[in-house]
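Enquirer: Using the hints provided, position chain B relative to the given structure of chain A.
Number of protein chains: 2
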Amino acid sequence: MKRSLGAKTLAMPAPVWLVGTYDTEGKPNIMTAAWGGICCSKPPCVAISLRRATYSYASIEARKAFTISIPSEAQVKMADFVGMESGKDLDKFAVCHLNPVRSDLVDAPYVAETPLILECSLIHTLEIGLHSLFVGEILDVKAEESVIDKKGKPDIEKIQPLIFDPAHQNYFGIGHALGKAFDIGKSLNLKE
Amino acid sequence: MKRSLGAKTLAMPAPVWLVGTYDTEGKPNIMTAAWGGICCSKPPCVAISLRRATYSYASIEARKAFTISIPSEAQVKMADFVGMESGKDLDKFAVCHLNPVRSDLVDAPYVAETPLILECSLIHTLEIGLHSLFVGEILDVKAEESVIDKKGKPDIEKIQPLIFDPAHQNYFGIGHALGKAFDIGKSLNLKE
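Protein sequence lines correspond, in order, to chains A and B. Residue numbers for the first sequence follow the numbering used here, beginning at 1 and rising by one. Residue numbers for the second sequence follow the numbering used here, beginning at 1001 and rising by one.
Chain A on its own, in the form it takes in the complex (with noise of 0.2 Å):
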């Protein structure tokens, strides 16, 4: 029997990732978004929702581009530095110690010192509520050397990204593997 907690955010995990852009001047900024996720395997397609108050909506509307820098644990704190100011009032690339990367596929800067990064093209924008949904066509993604294993694919135990839990607010890292997919299921005990 379950308890009704009413209508609430509560899907668990959230992503935590830094969204790049430029504003009018030119300037990079970045925000933290936590309402995103994959969105479309083909064309490879990534979904991040703002507030029309935010400093990089007007951005990505202008731009038709963004990026996703994907932080480590170790970033915790500088991911949660960016989610809490605005680009309006603050330089965050220049504040955090961080260097922006401009893009040669879109029109939008990564963070150098993340481990892995995406560049989108802006290809829809559906307004929701109080946020708008925005789907980026991801064009490349960029990895560091070290977090790159034999097989040429990003290690996810190396990237450590951040989760963040809707219910208590809080940051986690990534646990213990627990199995292949597409292939655990297999040796499930259909007959319990």
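Source of the hints: derived by calculation from the structure; they are not laboratory data. Any given hint might turn out to be false.
Stated by the list, open to error - In silico DSBU-like pairs for lysine-lysine, Cα to Cα no more than 35 Å straight-line:
{"#": "1", "chain 1": "B", "residue 1": "K1064", "chain 2": "A", "residue 2": "K8"}
{"#": "2", "chain 1": "A", "residue 1": "K158", "chain 2": "B", "residue 2": "K1180"}
{"#": "3", "chain 1": "B", "residue 1": "K1088", "chain 2": "A", "residue 2": "K186"}
{"#": "4", "chain 1": "B", "residue 1": "K1191", "chain 2": "A", "residue 2": "K180"}
{"#": "5", "chain 1": "B", "residue 1": "K1027", "chain 2": "A", "residue 2": "K180"}
{"#": "6", "chain 1": "B", "residue 1": "K1186", "chain 2": "A", "residue 2": "K180"}
{"#": "7", "chain 1": "A", "residue 1": "K153", "chain 2": "B", "residue 2": "K1077"}
{"#": "8", "chain 1": "A", "residue 1": "K2", "chain 2": "B", "residue 2": "K1153"}
{"#": "9", "chain 1": "B", "residue 1": "K1002", "chain 2": "A", "residue 2": "K8"}
{"#": "10", "chain 1": "B", "residue 1": "K1153", "chain 2": "A", "residue 2": "K77"}
{"#": "11", "chain 1": "B", "residue 1": "K1186", "chain 2": "A", "residue 2": "K88"}
{"#": "12", "chain 1": "B", "residue 1": "K1064", "chain 2": "A", "residue 2": "K27"}
{"#": "13", "chain 1": "B", "residue 1": "K1180", "chain 2": "A", "residue 2": "K77"}
{"#": "14", "chain 1": "A", "residue 1": "K42", "chain 2": "B", "residue 2": "K1077"}
{"#": "15", "chain 1": "B", "residue 1": "K1077", "chain 2": "A", "residue 2": "K27"}
{"#": "16", "chain 1": "B", "residue 1": "K1150", "chain 2": "A", "residue 2": "K8"}
{"#": "17", "chain 1": "A", "residue 1": "K27", "chain 2": "B", "residue 2": "K1150"}
{"#": "18", "chain 1": "B", "residue 1": "K1186", "chain 2": "A", "residue 2": "K64"}
{"#": "19", "chain 1": "A", "residue 1": "K191", "chain 2": "B", "residue 2": "K1088"}
{"#": "20", "chain 1": "B", "residue 1": "K1088", "chain 2": "A", "residue 2": "K88"}
{"#": "21", "chain 1": "B", "residue 1": "K1027", "chain 2": "A", "residue 2": "K2"}
{"#": "22", "chain 1": "A", "residue 1": "K77", "chain 2": "B", "residue 2": "K1088"}
{"#": "23", "chain 1": "B", "residue 1": "K1027", "chain 2": "A", "residue 2": "K64"}
{"#": "24", "chain 1": "B", "residue 1": "K1064", "chain 2": "A", "residue 2": "K158"}
{"#": "25", "chain 1": "B", "residue 1": "K1027", "chain 2": "A", "residue 2": "K191"}
{"#": "26", "chain 1": "A", "residue 1": "K42", "chain 2": "B", "residue 2": "K1150"}
{"#": "27", "chain 1": "B", "residue 1": "K1191", "chain 2": "A", "residue 2": "K186"}
{"#": "28", "chain 1": "A", "residue 1": "K8", "chain 2": "A", "residue 2": "K88"}
{"#": "29", "chain 1": "A", "residue 1": "K191", "chain 2": "B", "residue 2": "K1042"}
{"#": "30", "chain 1": "B", "residue 1": "K1158", "chain 2": "A", "residue 2": "K180"}
{"#": "31", "chain 1": "B", "residue 1": "K1027", "chain 2": "A", "residue 2": "K153"}
{"#": "32", "chain 1": "A", "residue 1": "K2", "chain 2": "B", "residue 2": "K1008"}
{"#": "33", "chain 1": "B", "residue 1": "K1191", "chain 2": "A", "residue 2": "K8"}
{"#": "34", "chain 1": "A", "residue 1": "K77", "chain 2": "B", "residue 2": "K1064"}
{"#": "35", "chain 1": "A", "residue 1": "K2", "chain 2": "B", "residue 2": "K1042"}
{"#": "36", "chain 1": "A", "residue 1": "K153", "chain 2": "B", "residue 2": "K1180"}
{"#": "37", "chain 1": "B", "residue 1": "K1088", "chain 2": "A", "residue 2": "K158"}
{"#": "38", "chain 1": "B", "residue 1": "K1151", "chain 2": "A", "residue 2": "K153"}
{"#": "39", "chain 1": "B", "residue 1": "K1151", "chain 2": "A", "residue 2": "K150"}
Expert: Chain B alone, transformed into the frame defined by chain A:
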């Protein structure tokens, strides 16, 4: 210096959710979805992306509703199994010994055995490419008493939700707590 990995769905972390629907004959069905995320705070909404080829796709379009049942680590084999089979061929609730519960708010069933569930009314459909994005307004969240803390909130460490790694297609658990959001960033050393 980062290495280019190409245009791929490599955003981390991704969730592992069971999407519950009724088919045209009223048979309850679940499928596993990793392409999704919260997408609006007011009204509270969640987005999931499905391929048109899935059996669940038509059910969501017809009933304008779906649920999200969030499995725990102990249910990883079941969650994976559900992602490999189609409701067209199989009664996945029956085969997995799961009990469908008819939502009293939307025209969709949820899984009795998962610790946390969301009941969603379809408010937007966005065709992107191979996947279409469904935005569901969260009308209620329900949790098992055993995962609700003293403050009446679901405890992510008791729920133990699954994390999907899209790079290697592995499942992971939740790791350790790293700090409080909108707080830990205040102690960022800006002089470093």
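Enquirer: Evaluate each hint against the coordinates.
Expert: Quick rundown of the hints versus the structure:
1. Proposed proximity of B/K1064 and A/K8 is supported: the alpha carbons are some 19 Å apart, at most 35 Å.
2. Of the pairs offered as hints, the one joining A/K158 and B/K1180 holds, with about 23 Å between alpha carbons and a cut-off of 35 Å not exceeded.
3. Restraint check for B/K1088 and A/K186: satisfied, since their Cα atoms lie roughly 19 Å apart, inside the 35 Å limit.
4. At most 35 Å may separate the alpha-carbon atoms for a hinted pair to count; B/K1191 and A/K180 exceed this at roughly 43 Å.
5. A threshold of 35 Å between alpha carbons decides the hint, and for B/K1027 with A/K180 the separation of about 29 Å falls inside it, so the pair holds.
6. As the CA atoms of B/K1186 and A/K180 are separated by approximately 38 Å, the hinted pair breaks the 35 Å bound.
7. The hinted pair formed by A/K153 and B/K1077 meets the criterion: a straight-line CA distance of about 24 Å does not exceed 35 Å.
8. In summary, the hint linking A/K2 to B/K1153 is supported, as the alpha carbons are separated by about 13 Å, within the 35 Å threshold.
9. Annotation: proposed proximity of B/K1002 to A/K8 is violated, straight-line Cα distance about 38 Å (limit 35 Å).
10. Pair hint B/K1153 plus A/K77 holds up; C-alpha atoms about 24 Å apart against a cutoff of 35 Å.
11. Between B/K1186 and A/K88, the direct Cα distance comes to roughly 19 Å. Compliance with the 35 Å bound is thereby established for this hinted pair.
12. Restraint check: the Cα-Cα separation between B/K1064 and A/K27 comes to about 43 Å, which exceeds 35 Å; the hinted pair is violated.
13. Of the supplied pair hints, the one linking B/K1180 and A/K77 holds, its CA atoms being roughly 10 Å apart against a limit of 35 Å.
14. In summary, the hint linking A/K42 to B/K1077 is supported, as the alpha carbons are separated by about 27 Å, within the 35 Å threshold.
15. Of the pairs offered as hints, the one joining B/K1077 and A/K27 is violated, with about 48 Å between alpha carbons and a cut-off of 35 Å exceeded.
16. Simply put, B/K1150 and A/K8 have alpha-carbon atoms about 18 Å apart, close enough for the 35 Å limit, and the pair holds.
17. Using a Cα cut-off of 35 Å, the hinted pair A/K27 and B/K1150 is violated, with the two alpha carbons roughly 45 Å apart.
18. For the hint linking B/K1186 to A/K64, the alpha-carbon distance of about 32 Å falls within 35 Å, and the restraint holds.
19. Restraint check: the Cα-Cα separation between A/K191 and B/K1088 comes to about 21 Å, which is no more than 35 Å; the hinted pair holds.
20. A hinted pair counts as satisfied when its Cα atoms are at most 35 Å apart, and B/K1088 with A/K88 does not qualify at roughly 52 Å.
21. Between the alpha carbons of B/K1027 and A/K2 the distance comes to roughly 22 Å, so the proposed pair stays at or under 35 Å and holds.
22. Our distance criterion of 35 Å between C-alpha atoms is broken by A/K77 and B/K1088, whose separation comes to about 47 Å.
23. Taking the CA atoms of B/K1027 and A/K64, the gap is about 43 Å. The hint is violated against a cut of 35 Å.
24. Pair hint B/K1064 plus A/K158 does not hold up; C-alpha atoms about 41 Å apart against a cutoff of 35 Å.
25. This hinted pair checks out: B/K1027 and A/K191 have alpha carbons roughly 22 Å apart, not beyond 35 Å.
26. Taken as a hint, the A/K42 and B/K1150 pair is broken in the structure, with Cα atoms around 44 Å apart against an allowance of 35 Å.
27. Taken as a hint, the B/K1191 and A/K186 pair is broken in the structure, with Cα atoms around 53 Å apart against an allowance of 35 Å.
28. Distance check on the hinted pair: A/K8 and A/K88 sit about 29 Å apart at the alpha-carbon level, within 35 Å; holds.
29. Taking the CA atoms of A/K191 and B/K1042, the gap is near 44 Å; set against the 35 Å cutoff, the hint is violated.
30. Of the supplied pair hints, the one linking B/K1158 and A/K180 holds, its CA atoms being roughly 23 Å apart against a limit of 35 Å.
31. For the given pair, B/K1027 sits about 40 Å from A/K153 by alpha-carbon distance, which is inconsistent with the 35 Å threshold.
32. Using a Cα cut-off of 35 Å, the hinted pair A/K2 and B/K1008 is violated, with the two alpha carbons roughly 38 Å apart.
33. Of the pairs offered as hints, the one joining B/K1191 and A/K8 is violated, with about 38 Å between alpha carbons and a cut-off of 35 Å exceeded.
34. Using a Cα cut-off of 35 Å, the hinted pair A/K77 and B/K1064 is violated, with the two alpha carbons roughly 41 Å apart.
35. With a C-alpha separation of about 24 Å, the suggested pair A/K2 and B/K1042 falls inside the 35 Å cut-off, and the hint holds.
36. Between A/K153 and B/K1180, the direct Cα distance comes to roughly 31 Å. Compliance with the 35 Å bound is thereby established for this hinted pair.
37. For the hint pairing B/K1088 with A/K158, the CA-to-CA distance comes to about 39 Å; that exceeds 35 Å, so the pair is violated.
38. A distance of roughly 41 Å separates the Cα atoms of B/K1151 and A/K153; the hinted pair therefore is violated under the 35 Å criterion.
39. A threshold of 35 Å between alpha carbons decides the hint, and for B/K1151 with A/K150 the separation of about 46 Å lies outside it, so the pair is violated.
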